[in-house]
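Chains as they are written, first to last, in the working numbering: chain A, 1 to 204; chain B, 1 to 302; chain C, 1 to 323.
Watch out, some of these pointers could steer you wrong.
If the Cβ cut is set under 7 Å, some of the chain C residues that face chain A in the computed set are [unchecked claim]:
no., residue
1, A34
2, T36
3, V45
4, V96
5, F100
6, G110
7, Y128
8, A136
9, R215
10, T216
For lysine-lysine, the following DSBU-like pairs were computed, each having C-alpha atoms within a straight-line distance of at most 35 Å [claimed, not checked]:
no., chain 1, residue 1, chain 2, residue 2
11, A, K116, B, K147
12, B, K98, B, K22
13, B, K69, B, K98
14, A, K46, B, K22
15, C, K259, A, K33
16, C, K259, A, K46
17, B, K69, A, K46
18, C, K259, A, K116
19, A, K116, A, K46
20, C, K103, A, K190
FYI, nobody ran anything at the bench for these hints, they're computed from the structure. The beta carbon of each residue, even a glycine, is placed where N, CA and C say it ideally should be.
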Amino acid sequence: MNHETTRRELLGHAVRGAGLLGLGGVAVYLTAKADDEGVWVLDTSKCVNSRLGATGIEACELCATSCVRPLSAVRAINDFEKCGRCYICPAYFDVTSAVDENGLPSAKLCPRDAIKREPIGWVDPDDPANNFYEYTIDEALCNGCGICVLACKDPSGLGSIRLEVRYDLCLDCNRCSNAAACPDDAIDRKPLSRAGAPQRHPAS
Amino acid sequence: MQRGASGEAEMQYRQVRVISGKGSRPEQFTTTLRGIALDRTGGLYAVGNSEVKLFDADGTLRRRWPTSKPGHCVAVDRDGTVYVGQEGQVERFGADGKPLDAWRDGERMGLVTAIGLTEDDVLIADVRERCIRRYDKRGRFRNDIGKDNRTRGFLIPNGVLDLAVDADGIIHAANPGKHRVERYSLEGKLLGRFGRFTGPDPRGFSGCCNPTNLTVTRAGHVVVTEKAGPRAKVYDATGKLLAIVADDTFDQNCKNMDVAVDAQGRIYVVDTVRLHICVFAPVDNQAASQPASAPAEGAAKP
Amino acid sequence: MKRSARLITILVLTFVVSQTALAQIEYERPVDVAPTEEDIGEGYVTPAVQRPLPRSTLLNITDTVLLLGAMGISAWLGLVRRSRTGIVVLAIVCAVYFGFYRKGCVCPIGAIQNVAVALTDPSYAVSYVVIAFFFAPLVLALLFGRVFCGGVCPFGAIQELVVLRPVQVPRRLDRALGLLKYVYLGLAIWFAVLPAVERDFIICRFDPFVGFFRRTGPAYMLIIGGALLVLGMFIGRPYCRYLCPYGGLLAQLARFSWKGVTITPDKELDCGLCAESCPYGAIEKLRAVRTSCLSCARCYTACPRERAPAREDASAESHEATG
Chain A
1 MNHETTRREL LGHAVRGAGL LGLGGVAVYL TAKADDEGVW VLDTSKCVNS
51 RLGATGIEAC ELCATSCVRP LSAVRAINDF EKCGRCYICP AYFDVTSAVD
101 ENGLPSAKLC PRDAIKREPI GWVDPDDPAN NFYEYTIDEA LCNGCGICVL
151 ACKDPSGLGS IRLEVRYDLC LDCNRCSNAA ACPDDAIDRK PLSRAGAPQR
201 HPAS
Chain B
1 MQRGASGEAE MQYRQVRVIS GKGSRPEQFT TTLRGIALDR TGGLYAVGNS
51 EVKLFDADGT LRRRWPTSKP GHCVAVDRDG TVYVGQEGQV ERFGADGKPL
101 DAWRDGERMG LVTAIGLTED DVLIADVRER CIRRYDKRGR FRNDIGKDNR
151 TRGFLIPNGV LDLAVDADGI IHAANPGKHR VERYSLEGKL LGRFGRFTGP
201 DPRGFSGCCN PTNLTVTRAG HVVVTEKAGP RAKVYDATGK LLAIVADDTF
251 DQNCKNMDVA VDAQGRIYVV DTVRLHICVF APVDNQAASQ PASAPAEGAA
301 KP
Chain C
1 MKRSARLITI LVLTFVVSQT ALAQIEYERP VDVAPTEEDI GEGYVTPAVQ
51 RPLPRSTLLN ITDTVLLLGA MGISAWLGLV RRSRTGIVVL AIVCAVYFGF
101 YRKGCVCPIG AIQNVAVALT DPSYAVSYVV IAFFFAPLVL ALLFGRVFCG
151 GVCPFGAIQE LVVLRPVQVP RRLDRALGLL KYVYLGLAIW FAVLPAVERD
201 FIICRFDPFV GFFRRTGPAY MLIIGGALLV LGMFIGRPYC RYLCPYGGLL
251 AQLARFSWKG VTITPDKELD CGLCAESCPY GAIEKLRAVR TSCLSCARCY
301 TACPRERAPA REDASAESHE ATG
């Protein structure tokens with residue numbers, strides 16, 4: 001090996017060392033302020049279908065159409081802890097439709113008929129209005145359009161139905177097309193440890 | 001001008017005044033306004049936040065005093081005693097606002113959302129147990145009303161059970177989950193009921209749980225308020241719709257709007273979002289424009 | 001060694017903590033008006049709302065380990081074993097795993113944007129996996145060249161597998177087009193560091209191949225991806241050479257790589273078979289251009305010296321040749 005090669009090799013080592021140090025330094029800096037894995041979370045205090053005060057409007061259906069998946073990863077879920085179990089549920093029935101002979105609204109609200117209604121607990125054999133009903137959203141059918149979410153919102157309902165990003169469906173894209181499409185910036189990335197707690201409505 | 005259900009104007013009302021409002025001035029409420037009641041002289045009692053405010057008929061603040069807990073409802077007795085329903089208790093105040101005592105009865109008073117007064121009885125609506133309780137004027141429990149009626153009692157998804165007692169001691173109670181108004185005797189016997197779910201038809205009730213609040217007039221008419229499409233309506237004793245008092249005056253987010261009526265037939269309705277009380281007068285009633293001089297009636301029996 | 005051990009410890013601890021945190025989150029009853037279980041009667045129990053958990057941290061750690069392993073294998077296959085077959089197999093495996101199974105996310109190309117935001121926005125933090133995915137290929141590029149490109153990157157892998165009859169792109173055109181990736185890099189960083197409301201991750205938005213991996217996507221994206229693949233049959237790996245912003249970073253680091261493909265001048269036959277076989281224009285004047293070399297191992301397959309049966313005779317020389 002002649003001197004030229006040695007000097008070039010040395011220069012190469014120096015540059016590589018500097019490069020590694022540089023990369024390592026930036027990596028260490030980022031690791032120091034790193035957070036755990038982020039997931040996409042829908043904030044119900046921002047989503048116009050859920051946030052209190054926005055009434056008398058059409059449901060925002062963007063979550064159903066913006067997701068990269070054919071059937072959106074955003075689905076509606078009914079929080080059973082909050083559900084009133086009413087005989088006439090404004091999210092199940094279209095309460096503006098005409099009343100049929102049973103005293104119930106004739107039309108259902110969900111365009112995909114994804115909500116199931118079942119009497120629960122002790123069932124009155126004489127009067128169906130005397131019963132409590134469980135409303136369950138069939139996730140395989142729900143496309144996250146949010147019509148039921150808006151209908152359940154306070155004051156017409158108790159706000160137990162909300163839109164949620166379902167993690168078994170969400171691809172966790174780096175750029176969430178739902179987040180980009182949302183006019184209220186309701187979908188944001190949150191670290192896993194802070195994403196688990198369900199969002200509460202402000203006290204009413 | 002409001003129209004009756006059939007399209008013809010039956011009884012009509014117009015808004016004449018707005019009392020109180022949202023803010024920090026003495027006559028205003030800051031975050032909540034929940035219950036109202038009228039006394040014999042037309043004075044309007046309003047509870048919200050942790051205060052009772054007494055207004056004259058023209059809306060000026062006459063007196064106000066604090067309560068120990070946020071008040072949910074209020075009633076005024078013939079002698080001026082003020083009953084305020086709260087969580088777990090009923091606080092009583094003298095006519096001058098001095099605290100008298102507080103009634104507690106454990107689970108029987110979970111959350112008191114309405115109080116009705118007769119000559120000898122105090123009727124307390126507890127929404128936690130979904131039941132009306134009857135006490136005597138010394139605070140001793142007498143009997144339950146409506147707890148086991150039709151096996152499930154009242155169905156209250158909206159969080160407020162309202163009642164009103166008329167001059168004959170008949171208790172009118174709203175059963176919003178069943179979309180009807182029910183009448184009980186003081187002993188708890190169901191005497192009758194009216195109302196059904198009719199969807200968009202205003203002759204009945206709409207949504208998941210309406211009517212939320214009610215009061216009775218001297219003539220035996222029942223004034224109810226509804227939410228989700230907030231409005232106030234007047235029915236006669238048989239359940240026939242007499243008037244839609246107002247259906248576009250209130251903030252769309254109103255819920256559980258308390259209502260009271262005075263001897264001149266003026267209807268007072270709480271706007272729970274804007275924190276004011278709307279006063280509506282019958283349009284064809286000459287007495288509406290005169291100052292209140294006759295004994296007034298609200299949730300209390302005169 | 002110590003740093004990787006610390007990194008692994010941090011990752012494992014994060015996994016444990018996150019699992020514990022999730023277990024503690026319970027439902028409260030903010031609304032009193034819902035009927036209680038006693039009201040409903042007959043032994044009714046309020047059902048819990050099913051909340052599927054996101055992908056576990058352990059699996060994300062696995063991805064990182066697999067990435068490092070795959071790059072190590074790529075380096076070994078490309079520089080030691082010099083096996084074209086090995087690279088092809090690696091490309092298929094990585095296309096299936098990182099591409100079709102993991103749907104191309106998390107990827108180092110997109111991570112450019114996340115890292116750019118993390119460096120400019122104090123309130124934004126990236127996860128450990130993103131850091132690992134972004135920096136590991138860069139470090140390895142500094143050491144062994146563009147081994148990430150050599151069969152590990154799923155974009156590169158599917159393009160690698162469709163190369164049919166590559167034509168050599170004229171040198172000047174190749175150089176000029178190669179500048180496009182730096183323009184794209186600049187634009188990507190520009191849009192990423194905008195304030196949060198205007199921020200847009202354009203690399204992810206205009207990702208040509210992720211539509212195939214997800215088996216769904218907007219029509220225009222699938223068409224562009226398809227067009228690039230068709231083009232890739234005749235011009236080797238056009239995305240990698242002319243559009244990939246991360247490739248721009250790798251190229252500049254590979255310039256100084258410690259080990260890499262070298263064609264020693266005084267040992268070669270001047271046959272030029274290696275240059276003809278390279279579809280990526282990475283051999284100029286019979287020298288390997290490390291910035292463009294995508295570690296595909298075709299040149300070894302074409303070199304008659306490599307195929308010489310008496311490997312032991314040439315071992316000392318060929319060791320020098322590629323050291």
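Practice item. Would you pick out the hints that fail for this structure and give their numbers low to high? Key: 2, 3, 4, 5, 8, 9, 16 and 18
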